[in-house]
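Colleague: Residues per chain, in single letters:
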Amino acid sequence: MKFLRSRYFIICVLVAIIIGLVPAMLAAFGGTDILRSAVKTVAKPFETVGSYVADGVGGFFSVFSSYDELKEENEELRARLTELEEERRDNAVLKNENSWLKEYFGIHTEHPEFLLTDARIISHSSGSYSTVLTLDKGRVHGVLKNMPVITADGAFGYVSEVGLDWCKVVSVIETASQVGGYDQRSGSRGYLEGSLELRESGLCRMVFQAEADIMVDDRICTEGGEHYPSGLYIGRISTIEADPSTRTLVATIEPAVDFSDLDSLGRVMIISGYGS
Amino acid sequence: MRKAGSRSSSDLIKRILIRGSLILVLAAAECSFFSALKPMGATPDLILGLVVALALTSTLEETAVCAVVGGYVIDALGGIGLSFSALFYLLVGVSIGIMAKKIMQSFPAYAVLLIPAFLLGGIYTGVEVILFYGSVPTVSALVKLILPQMLMGYIFCLPIYFIVKVSSLPLESKGKFTFR
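Top line first, the protein sequences correspond to chains A and B.
Going by the numbering used here, the residue at position 89 of the first sequence is 89; the numbering climbs one at a time, nothing skipped.
Going by the numbering used here, the residue at position 156 of the second sequence is 1156; the numbering climbs one at a time, nothing skipped.
Everything labelled a hint here was simulated from the structure, so no lab data went into it.
Bear in mind the structure is a predicted one, so any value in this text is a computation, not a measurement.
Wrong hints could be hidden among the right ones.
What the hints assert, rightly or not - Computed cross-link-like contacts, PhoX-like style, restricted to lysine-lysine with a CA-CA straight-line distance of at most 25 Å: (1) B:K1144 / B:K1038; (2) B:K1038 / A:K44; (3) B:K1165 / B:K1101; (4) A:K145 / A:K168; (5) A:K40 / B:K1038; (6) B:K1014 / A:K44; (7) B:K1038 / A:K71.
As the list claims (entries may be wrong) - Calculated from the model, a selection of chain A residues having no Cβ within reach of chain B, i.e. all distances over 12 Å: (8) T82; (9) E113; (10) F114; (11) L116; (12) D136; (13) V140; (14) D153; (15) Q184; (16) S188; (17) E193; (18) G194; (19) E241.
Built from N, CA and C at the ideal position, the CB exists for glycine as well.
Between the sequences and the hints, there should be enough to build the whole structure, so can you do that?
Modeller: As structure tokens, then:
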């Protein structure tokens, strides 16, 4: 308490009052406080550094302060993205539908006598290379055993088994399948059969008589019979080999339907009858 | 005699340089760094923290001089018009210094003594606001200005005790220094 009565303290108080009053008085009379200016000049480098650091720190923390704003914007964008994704999905469905209708229309124009039932592939046979498929149409839809199944590209296979609302289809490249066919250019006839080795590559083979007139790239169509109507395009000859033991020509056929990519196929058509 | 005199004058110069630099750096930090960042919308009063720390760790005379200089520097850097920061810091510094002589001079004491210091600081800010703006809504000024300033000031002033202690190292003999 002695200190409060000391000359030292009283001087300090007086100085404090004066340095509070003087700048204000100088400012009021338009003067400049030289001492204040000097202090400000000395402190300027420190203030500059402080402001740089504040900018850096402020920039860093602004990420957190604008977090809620960014979160809200992110949610809005996410919702918009979901909306666009749905739109895109709808468009893809419409596009598929459109191309499907085009194919359907193409086949119908080419073969007006065919009564077509469209079917969706709902499952594949188990195994790494699937050519026995299950379709979503069955007895209730008028599907019968041995009905041919086609795509816009050509013959696909035939119905091997029919359930109430499903059916199984054996493709032309299956070993169980044996189909009569002919060379569209020369008319040479033969029979198409599945081959275990070729099946892996999505191919099948066709056996001709030794004197048959066949060439690579000739188009092969169905001859007509138990499973297929006449004139359905199957594929083209890719290689020809002679088999001396049986005196036959064995041609490798590359089917028009890409059996190596059945997932992209999606839909097929069953020829459920023949009109006039 | 001559030797002792030269030693005391060099000690005084050292003291002025150290305390002066500390005041300058803290005032600059308050007026640039913290006034730009404004944590919780308030600028912490670092000079008040420095005055309280000096009141605990130094003599009343030194605290009084540093309080006046600190007030002057802070007004020079960030004040406008009539301002009595120097007088305010002087009164707070001396009051805390007198109180500190009766309690343990340590960091917990500093943390405790900062509370009345910032309460006084809040009152001073309130008076300044009233002088500056004329009349202000009390609740609004309290919630938006005075309380955040007191709180932020308290938080950011806590390390100043250690800064003062470290900066005082060259002024004390090795055996004497302690982080009480």
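Colleague: Give a verdict on every hint.
Modeller: Hint by hint, here is what the structure shows:
Annotation: proposed proximity of K1144 of chain B to K1038 of chain B holds, straight-line Cα distance about 12 Å (limit 25 Å). Using a Cα cut-off of 25 Å, the hinted pair K1038 of chain B and K44 of chain A holds, with the two alpha carbons roughly 20 Å apart. Of the supplied pair hints, the one linking K1165 of chain B and K1101 of chain B holds, its CA atoms being roughly 17 Å apart against a limit of 25 Å. With a CA separation close to 9 Å, the supplied pair K145 of chain A and K168 of chain A stays within the 25 Å bound.
Only pairs whose Cα atoms come within 25 Å are accepted, and K40 of chain A paired with K1038 of chain B is accepted, the gap being roughly 21 Å. For the hint linking K1014 of chain B to K44 of chain A, the alpha-carbon distance of about 22 Å falls within 25 Å, and the restraint holds. Annotation: proposed proximity of K1038 of chain B to K71 of chain A holds, straight-line Cα distance about 24 Å (limit 25 Å). For T82 of chain A, the condition that its CB be more than 12 Å from all CB atoms of chain B holds, with the nearest at approximately 38 Å.
Look at E113 of chain A: its CB is around 84 Å from the nearest CB on chain B, clear of 12 Å, so calling it non-interface holds up. With a minimum CB-CB distance of about 79 Å to chain B, F114 of chain A clears the 12 Å threshold, and the non-interface call stands. With a least CB separation of 75 Å from chain B, L116 of chain A remains clear of the 12 Å interface cut-off, as annotated. At roughly 66 Å from the closest C-beta of chain B, the C-beta of D136 of chain A stays outside 12 Å, upholding its exclusion from the interface.
The beta carbon of V140 of chain A is kept farther than 12 Å from every beta carbon of chain B, the shortest such distance being approximately 74 Å. The claim that D153 of chain A is not at the interface with chain B holds, since no C-beta of that chain comes within 12 Å of its own (minimum 70 Å). Every C-beta of chain B lies more than 12 Å from that of Q184 of chain A, the closest at about 84 Å, which supports listing it as non-interface. Remark: the non-interface label on S188 of chain A is consistent with the geometry, its nearest Cβ contact in chain B lying 91 Å away (cut-off 12 Å).
In this structure E193 of chain A is separated from chain B by more than 12 Å, as the shortest Cβ-Cβ distance comes to about 83 Å. With a minimum CB-CB distance of about 78 Å to chain B, G194 of chain A clears the 12 Å threshold, and the non-interface call stands. At the 12 Å boundary, the C-beta of E241 of chain A stays outside the reach of chain B, the nearest C-beta of that chain being 85 Å off.
In terms of the numbered hints stated before, the structure departs from none.
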